[in-house]
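Take a look at the letters that make up each chain.
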Amino acid sequence: MIKVDQELSLLDVRGVTKSFAGVHALRGVDLDIRQGEVHCVLGQNGAGKSTLIKVLAGVHRPDAGTVTWLGEDVEIPTPEAAIELGIATMYQELDVVDGLTIAENIFLGHELSRAGFTRRSEAAQQTRELLQRLGHGDLSPHTEVGSLSAANKQIVSMARALSHDIKLIIMDEPSAVLDTEEVKNLFAVVHELTSAGIAVVYITHRLEEIRQIGDRITVLKDGRTTATGLAVADTPTSELIKLMTGREVANVFPPAVPVPADAATVLEVEHLGLAGIFEDVSFSVRAGEIVGLAGLVGSGRSEILETVYGARKSTAGSIRVGGKKMPRGSVAAAVKAGMGLSPEERKSQGLIMDEAIYVNVTLPSVSRFSKGGFLDERTERKVTGEQIEALELRPADPDRAAMTLSGGNQQKILLARWLVHGTRVLLLDEPTRGVDVGARAEIYALIRRLAEAGNAVVVVSSEIEEVLGLADTVLVIGDGRLLQTLPASQIDEHGVLDLVMKGTAA
Amino acid sequence: MSEQTSSQAGIRRILSGSVGRNVGLVVALLVIVAVGAITAPDTFTSVSNVLTILRAASITGVIAIGMTLVIITGGIDLSVGSVMGLASVVATLAAIQDLADQMHWIFIVLIALAVGFGAGLLNGLVIAYGKVVAFMATLAMLVAARGLAEILADRRTLQVKDRDFIEFMNIDLLGVDILIWIFAIVAALGWIVLNRTTFGRHTVAIGGNREAARLAGIQVKRHTMWVYAIAGLTAGIGAVMILGRTTAGTSTHGTLLELDVIAAVVVGGTLLIGGRGTMTGTVFGVLIFATLSNVFVQNNLSSSIQNVAKGVIIVVAVLLQQRFAKPTGRD
Numbered sequence: 003m004i005k006v007d008q009e010l011s012l013l014d015v016r017g018v019t020k021s022f023a024g025v026h027a028l029r030g031v032d033l034d035i036r037q038g039e040v041h042c043v044l045g046q047n048g049a050g051k052s053t054l055i056k057v058l059a060g061v062h063r064p065d066a067g068t069v070t071w072l073g074e075d076v077e078i079p080t081p082e083a084a085i086e087l088g089i090a091t092m093y094q095e096l097d098v099v100d101g102l103t104i105a106e107n108i109f110l111g112h113e114l115s116r117a118g119f120t121r122r123s124e125a126a127q128q129t130r131e132l133l134q135r136l137g138h139g140d141l142s143p144h145t146e147v148g149s150l151s152a153a154n155k156q157i158v159s160m161a162r163a164l165s166h167d168i169k170l171i172i173m174d175e176p177s178a179v180l181d182t183e184e185v186k187n188l189f190a191v192v193h194e195l196t197s198a199g200i201a202v203v204y205i206t207h208r209l210e211e212i213r214q215i216g217d218r219i220t221v222l223k224d225g226r227t228t229a230t231g232l233a234v235a236d237t238p239t240s241e242l243i244k245l246m247t248g249r250e251v252a253n254v255f256p257p258a259v260p261v262p263a264d265a266a267t268v269l270e271v272e273h274l275g276l277a278g279i280f281e282d283v284s285f286s287v288r289a290g291e292i293v294g295l296a297g298l299v300g301s302g303r304s305e306i307l308e309t310v311y312g313a314r315k316s317t318a319g320s321i322r323v324g325g326k327k328m329p330r331g332s333v334a335a336a337v338k339a340g341m342g343l344s345p346e347e348r349k350s351q352g353l354i355m356d357e358a359i360y361v362n363v364t365l366p367s368v369s370r371f372s373k374g375g376f377l378d379e380r381t382e383r384k385v386t387g388e389q390i391e392a393l394e395l396r397p398a399d400p401d402r403a404a405m406t407l408s409g410g411n412q413q414k415i416l417l418a419r420w421l422v423h424g425t426r427v428l429l430l431d432e433p434t435r436g437v438d439v440g441a442r443a444e445i446y447a448l449i450r451r452l453a454e455a456g457n458a459v460v461v462v463s464s465e466i467e468e469v470l471g472l473a474d475t476v477l478v479i480g481d482g483r484l485l486q487t488l489p490a491s492q493i494d495e496h497g498v499l500d501l502v503m504k505g506t507a508a
Numbered sequence: 558m559s560e561q562t563s564s565q566a567g568i569r570r571i572l573s574g575s576v577g578r579n580v581g582l583v584v585a586l587l588v589i590v591a592v593g594a595i596t597a598p599d600t601f602t603s604v605s606n607v608l609t610i611l612r613a614a615s616i617t618g619v620i621a622i623g624m625t626l627v628i629i630t631g632g633i634d635l636s637v638g639s640v641m642g643l644a645s646v647v648a649t650l651a652a653i654q655d656l657a658d659q660m661h662w663i664f665i666v667l668i669a670l671a672v673g674f675g676a677g678l679l680n681g682l683v684i685a686y687g688k689v690v691a692f693m694a695t696l697a698m699l700v701a702a703r704g705l706a707e708i709l710a711d712r713r714t715l716q717v718k719d720r721d722f723i724e725f726m727n728i729d730l731l732g733v734d735i736l737i738w739i740f741a742i743v744a745a746l747g748w749i750v751l752n753r754t755t756f757g758r759h760t761v762a763i764g765g766n767r768e769a770a771r772l773a774g775i776q777v778k779r780h781t782m783w784v785y786a787i788a789g790l791t792a793g794i795g796a797v798m799i800l801g802r803t804t805a806g807t808s809t810h811g812t813l814l815e816l817d818v819i820a821a822v823v824v825g826g827t828l829l830i831g832g833r834g835t836m837t838g839t840v841f842g843v844l845i846f847a848t849l850s851n852v853f854v855q856n857n858l859s860s861s862i863q864n865v866a867k868g869v870i871i872v873v874a875v876l877l878q879q880r881f882a883k884p885t886g887r888d
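Quick mapping for you: the protein sequence lines, in order, are chains F and X.
Just so we're aligned, residue 3 is where the first sequence starts under my numbering, counting upward by one.
Just so we're aligned, residue 558 is where the second sequence starts under my numbering, counting upward by one.
Hints were generated in silico from the structure; no laboratory data involved.
Be aware that one or more of the hints could be misleading.
From the structure, some residues in chain F lie toward chain X, with a derived Cβ separation under 10 Å [claimed, not checked]:
| no. | residue |
| --- | --- |
| 1 | PHE119 |
| 2 | ALA334 |
| 3 | VAL337 |
Just so you know, even glycine gets a beta-carbon here, dropped at the ideal spot from N, CA and C.
Please construct the entire structure, taking both the sequences and the accompanying hints into account.
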């Protein structure tokens, strides 16, 4: 058993800055990592997490600041130098080669060889040992990586890190691609690593995960460290949100407006199911009401929303909009009936990044702005201009490419899209992911306004605080089942987590 | 003074227009023209030679317009050359049946267009609804259409006997042959469809972000199918044109034409990954290759050297594309 001195400093980063073409990505980051700890780095998108990782991985060189490794000042000019020191990095887009076997991937670049011939059996043997250490002795070294799940690809990536003599492994949002069970396995592997004396830097924006595996926390905001070395056990979630966003939780959300008693039910979901993902989900949403779906990663939140929208084909149950039954799996019918979805992934599911703001705004309604199939771009620009003004979207230029906007403004494009189209049911999946402080409050206020204008709104968020702060009614989801429906005022974050724990244990 | 500023504004307007965005292509074309004018001063710059270049460009050009739409969606159509061959065979076969005498030549045209459109529609069905990769689906069509054309033609060249048709296809309008007019009209229609219609907007949206288009309620599959049908239709138009030019239908018409077409589209700035492309660029791409061939012919250089030059141009164009088309997002 390796003796782990958790008090010993492994890596000490002081005052690191980095800018790209005049844009400051890091404005002064401090971070100290102790041996064998799980150090969570929190921050919204754009806070500088990815840049920090790349500095430590030798991809970017810092403009200023010092990096101390085991008490010595070091420079990390290349990825090879990082490995040499003992720093391995697991990126979100895993750097495994699908066409090679597990063993070939693990020894890629440092193949075991004699006189130019690879020593396959020895590589296989060492691979087996590494996989064993990670609790995945069931995987064969000769399996092609392309056939593995995302979770198992992560295992391969970690095994590769372990094949070098590493002391620190950086994981960039590793849970993003995993389901609940896989996240549990991931946590088990993280424990395995730390008990062997390896420190883990765990990047995430999911506060719920930090409670489960973190030892200490560093929070980044706008390229600066706002807090470092916070003990997980002593730091309440509201404090973390404040550090990440710079404002009190209470001030972020608009006041709830009571739904009129005579408000019509717009969306009715009955016994909805999607085989293998979720089952028997029933709820209804009235005009003016905001319903929030709360649950852990992999609980089926997003899938429920996408199925309601017809982006996934339900295998059971029914969906009615304004009393009219929707056909299964037809987005076009959903849009026609007045539904709109702001999807979870803005970049890959929401926006055409290369195209102008106005093209993105009028995407579902472009036929309405045309005469006999011919576009009327003047009107499109005018209508977009009105939304830009109403939503304070910046830059205020309809011809700007979506790519050049910040996360908050990109989110506003998606909201403007459905404002222009005119909806009765608005489905919002992670409406503030990667959105910074000021814009967050603006978007919450906007969502409330959309509800007041008569929309039935359904919000999904991985941040339970957000669901509770925004919604009138909360649906607690666990393991693909609806555990409870209750008014948001009657439950807090702990209550939700309790329900989820009990519900999934049962 | 004021004259100068207005001419500056004029230059600025041109540069910000579609010609300006293709400024690299304009320069490339001018360089080739300059080389031609210098190396073959007597023949190259004559009006008749310009018409020769345009005539040579016309069939590739028409099909390249359809191909541009396909490539903007992120797809590819390898079958256009052999679909053109098949359409030429079927149309001539219909015309040499006994009925031919009573049949108006317009049926030759309609049959060729229908064969092209039908083959394209089949491509679209297999790709959009059968979820077969476009490369494979159209490769299968390439092989199958060529084979079918050989069976139908019995490997013979079929003469078009309809005098009226041949006469019509050789009409000069304002001193310009009908082939060039067809190219101009198809290019103009293509430009309008891409830039001024909801169909074009949806095409760009699907290529730019298929999932976002789907979640915005656009019927991605149906749209994709129509785009391939249009590409097939342009191959059908190409068949009519080659029937007019050669007065014969044969299964070998359009052999390897797909490569010239794709090269012209890509050199014209359309991204193979989809989402971005212009009709103006495609027209320039077609003209660059046609002019280049002409310069080589004027200087009595072999087609082998010509092919090497083409290859170089394609690689350079794609290299430049990668350099300038890189998204400017963070990291």
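Quick rundown of the hints versus the structure:
1. Contact between PHE119(F) and chain X, as hinted, is not supported at the beta carbon level, the nearest pair being about 36 Å apart and thus beyond 10 Å.
2. With a cut of 10 Å, the hint placing ALA334(F) at the interface with chain X holds, because the nearest CB-to-CB distance is about 5 Å.
3. Checking VAL337(F) against chain X by beta carbon gives a least distance of about 3 Å; that is within 10 Å, so the hint holds.
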